[in-house]
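Engineer: Given the sequences, and given the hints that come with them, work out the whole structure.
Here's the letter readout for the chains.
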Amino acid sequence: MTDWLLFPYFALPAGLCWFVGAGFAFKTNGFRRAIFFTALGLCLFCVFMVGLWISLERPPMRTMGETRLWYSFFLPAAGLVTYISRRFKWILSFTALLSFVFVCINLFKPEIHDKTLMPALQSPWFAPHVIVYMLAYATLGAATIAAVYLLVGKKKRTTDEETISLCDSLTYVGTAFMTVGMLFGALWAKEAWGHYWSWDPKETWAAATWTAYLIYIHFRKSQPKRRSTAALILVGSFLLLQICWYGVNYLPSARGRSVHVYGQ
Amino acid sequence: MWILPWGYREGWTICTGLTLTGLAMQNFVGEFDVAAMPYPVNVAACAILAVVAVTVHALSRKYVVFRWFSSPQASITALAFVLFMSVIEGLGVATINSWAFTLVFAYLLLVLAAVVMRRLRKPKLKRDAGFVFSHAGLLLALVAASLGSGDLQRLRMTVARDAAEWRAANERNELVELPLAIELKSFDIDEYPPELMLIDNETGETLPRGKPTNVLIEACPTVLSLSDWEIEVVRYLPAAASVMTKDTAFFTEFLSEGATSALFAKARHKTTGVSSEGWVSCGNHVFPYRSLRLSDDESLIMPPRKPKRFASEVRVYSKEGESRESVIEVNRPLKYEGWKIYQLSYDESRGKWSHTSVFELVRDPWLPAVYAGIFMMLVGAIFLFLSSTENQTYNKKNKE
Ligand code: HEM
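Chains as they are written, first to last, in our numbering: chain P, 81 to 344; chain F, 956 to 1355.
A portion of the hints provided could be inaccurate.
[Said to hold, decoys possible] Straight-line Cα separation of at most 20 angstroms, EDC-like style, residue types lysine to aspartate or glutamate; simulated pairs: (1) F:Lys1290 to P:Glu271; (2) F:Lys1263 to P:Glu137; (3) P:Lys301 to F:Asp1083; (4) F:Lys1221 to F:Asp1252; (5) F:Lys1263 to P:Glu271.
[As the list claims (entries may be wrong)] If you anchor each label on the Cβ, the simulated ranges turn out as follows: (6) F:Thr968 to P:His298: 17 to 27 angstroms; (7) P:Trp133 to F:Glu1185: 24 to 34 angstroms; (8) F:Arg1076 to P:Trp133: 46 to 56 angstroms; (9) P:Arg237 to F:Lys1081: 24 to 34 angstroms; (10) P:His298 to F:Ile958: 15 to 25 angstroms; (11) P:Trp279 to F:Phe1205: 48 to 58 angstroms; (12) F:Pro1167 to P:Leu86: 18 to 28 angstroms; (13) F:Lys1077 to P:Thr309: 30 to 40 angstroms; (14) P:Gly103 to F:Val1020: 56 to 66 angstroms; (15) F:Lys1263 to P:Ile134: 11 to 21 angstroms; (16) P:Ile164 to F:Thr1227: 50 to 60 angstroms.
[Claimed, not checked] One-sided and incomplete, this derived list gives chain F residues near chain P with beta-carbon spacing under 10 angstroms: (17) Gln1028; (18) Leu1034; (19) Val1037; (20) Leu1038; (21) Leu1046; (22) Gly1047; (23) Arg1109; (24) Arg1264; (25) Val1271; (26) Phe1340.
For the record, the hints were derived by calculation from the structure and aren't laboratory data.
The beta-carbon is built from N, C-alpha and C at its ideal position, and this holds for glycine as well.
Structural biologist: Okay, structure coming up:
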């Protein structure tokens, strides 16, 4: 618990590193330094997460604040991988910014960081399920950034082609993670609640989100020229994802009905 | 519309038609109930689906119309309708058990089957492996999960300590006799350490309002901080009984059945310095709970202890008279005679001293097929992950 008090001392320097790294990405010959600073930030953040895990004596994945932690970590990580493989100058700034938004939410609106974990959550499936989902959310978040860039940026055929191809790659990776996360969830539900799928509100929104990304993938394959429509589908899918992730906590239809909404 | 080759418009129209048909059927025959489709009805439905799919596939060689059913346009429109209906379900309007959803879903399965068969006409291992794992896996999982739910049995069995039980209640609360029996030898709960929190004296609300905070008492003696109060825990009795005297109550050690937990705390307000001390206990079905009044507005309480783990030691008997001893706990179900037995609950009013244990018994003969489908989809997801680099159509070196 005391570890959350240390959060600013890790998160703020990490955020600074990410922004410095993002800045170097725009410089000629800044490639290596951009990678170095982003990775340094990730290391700092990682140290905090490991420390928190140890002090809580359980994986820090239960409260919304804890899952935001994973998101803040995976987003620059996804940005870094994209930057290294594709050399998009702007991707690091966006992932750094979005990640920092989540850091700020944790700084200014910390929720109770309860140590207890209900028995159903004490399962070996728990950690892989949540980690894979957070990886998916982060990758798909990066894909959305690229889609918005395509929608609002100047229209130019060659660069648009590159951007949407980046969307494709990120969505493939994100959907792959999401598929694994969802299926792990099903296998775990079977062990914990007796059935692998029960159309619980959270599960329903997860199914809707997954279907939306499938539509994007198939639409891209069959209508490769309609880039803006595809980008819109991607943005819409990401909105569904928000409902699935935390929106259900606020939906009146899900209150008290979902076993996956952990009331506090 | 309806001019060959078909496109999106025909897809939207077909799905809308199915939805309207479903709504009409809902009116005339009532809610669709998959539980009313046990073996052999579900196997027959599966066979019909297969025959229709194979027919569509066979005819698609000769007629362009049938080729449409394995097209991306058909897939995307069907997926969009499933998406739309799950969003409605997610908003709280029951949709999944409606005829409309059932028809659209069956149609989606048909399209998916046609897609898979078309790709398999001239299979190429390297090109098609990922595709087949994803699509055939999804098809298998969806067919087995939806039709299999007609054979799914989920029963709830309450067993008292030292007694054997062979009947369980189904969803309609009817008692069903089972080919197995469970005898409860003992029931155990490990609890988390006690917690302390503040409540409003007037309303009983937990404080601070909206985002209540609690502290876990992991050691004793200890000093902690809770909102504006500094709290010193002086004594902790994990097994305690309350003793009433004429004008007060205190707690004493009590090492037998029915004991509750209590602790003695001294609280001091950080700014005003107001202080008070006394016993705090969560109470149980034997002893009343006790709070410590800190000020006119606030009291210190111990919320009910949270279970960390609960487990039943059981002996299970088969109809043939064989038996076996085992421990059943949350996340560790027991497999026996084709059933999976889950620890579900206990007598929560007695908590730690519960004399009964509640199990859920599940039988799902189609589960292996669902798992096979899930496994194929997992492999498919790996292919999807790896194929993410394939659509890089440009030269990386040209960047920077
Ligand atoms: C597990 C979920 C699914 C995943 C991950 C997935 C992924 C993919 C991918 C990556 C492709 C491109 C394959 C390639 O070009 O080699 C594809 C093609 C296709 N998918 Fe899916 N898909 C899924 C579910 C579905 C569903 C539910 C349908 C239809 C109901 C469908 C219909 C199609 C069709 C029609 C094609 C084009 C087929 C072809 O070119 O032969 N897919 N899918």
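Engineer: Does each hint hold? Answer for all of them.
Structural biologist: Evaluated hints:
no.	hint	result
1	F:Lys1290 to P:Glu271	holds, 11 angstroms
2	F:Lys1263 to P:Glu137	holds, 13 angstroms
3	P:Lys301 to F:Asp1083	holds, 15 angstroms
4	F:Lys1221 to F:Asp1252	holds, 17 angstroms
5	F:Lys1263 to P:Glu271	holds, 17 angstroms
6	F:Thr968 to P:His298: 17 to 27 angstroms	holds, 19 angstroms
7	P:Trp133 to F:Glu1185: 24 to 34 angstroms	holds, 29 angstroms
8	F:Arg1076 to P:Trp133: 46 to 56 angstroms	holds, 51 angstroms
9	P:Arg237 to F:Lys1081: 24 to 34 angstroms	holds, 32 angstroms
10	P:His298 to F:Ile958: 15 to 25 angstroms	holds, 23 angstroms
11	P:Trp279 to F:Phe1205: 48 to 58 angstroms	holds, 51 angstroms
12	F:Pro1167 to P:Leu86: 18 to 28 angstroms	holds, 23 angstroms
13	F:Lys1077 to P:Thr309: 30 to 40 angstroms	holds, 31 angstroms
14	P:Gly103 to F:Val1020: 56 to 66 angstroms	holds, 58 angstroms
15	F:Lys1263 to P:Ile134: 11 to 21 angstroms	holds, 18 angstroms
16	P:Ile164 to F:Thr1227: 50 to 60 angstroms	holds, 57 angstroms
17	Gln1028	holds, 7 angstroms
18	Leu1034	holds, 5 angstroms
19	Val1037	holds, 6 angstroms
20	Leu1038	holds, 4 angstroms
21	Leu1046	holds, 6 angstroms
22	Gly1047	holds, 3 angstroms
23	Arg1109	holds, 6 angstroms
24	Arg1264	holds, 6 angstroms
25	Val1271	violated, 17 angstroms
26	Phe1340	holds, 4 angstroms
Hint compliance for this structure: hint 25 is the single one not met.
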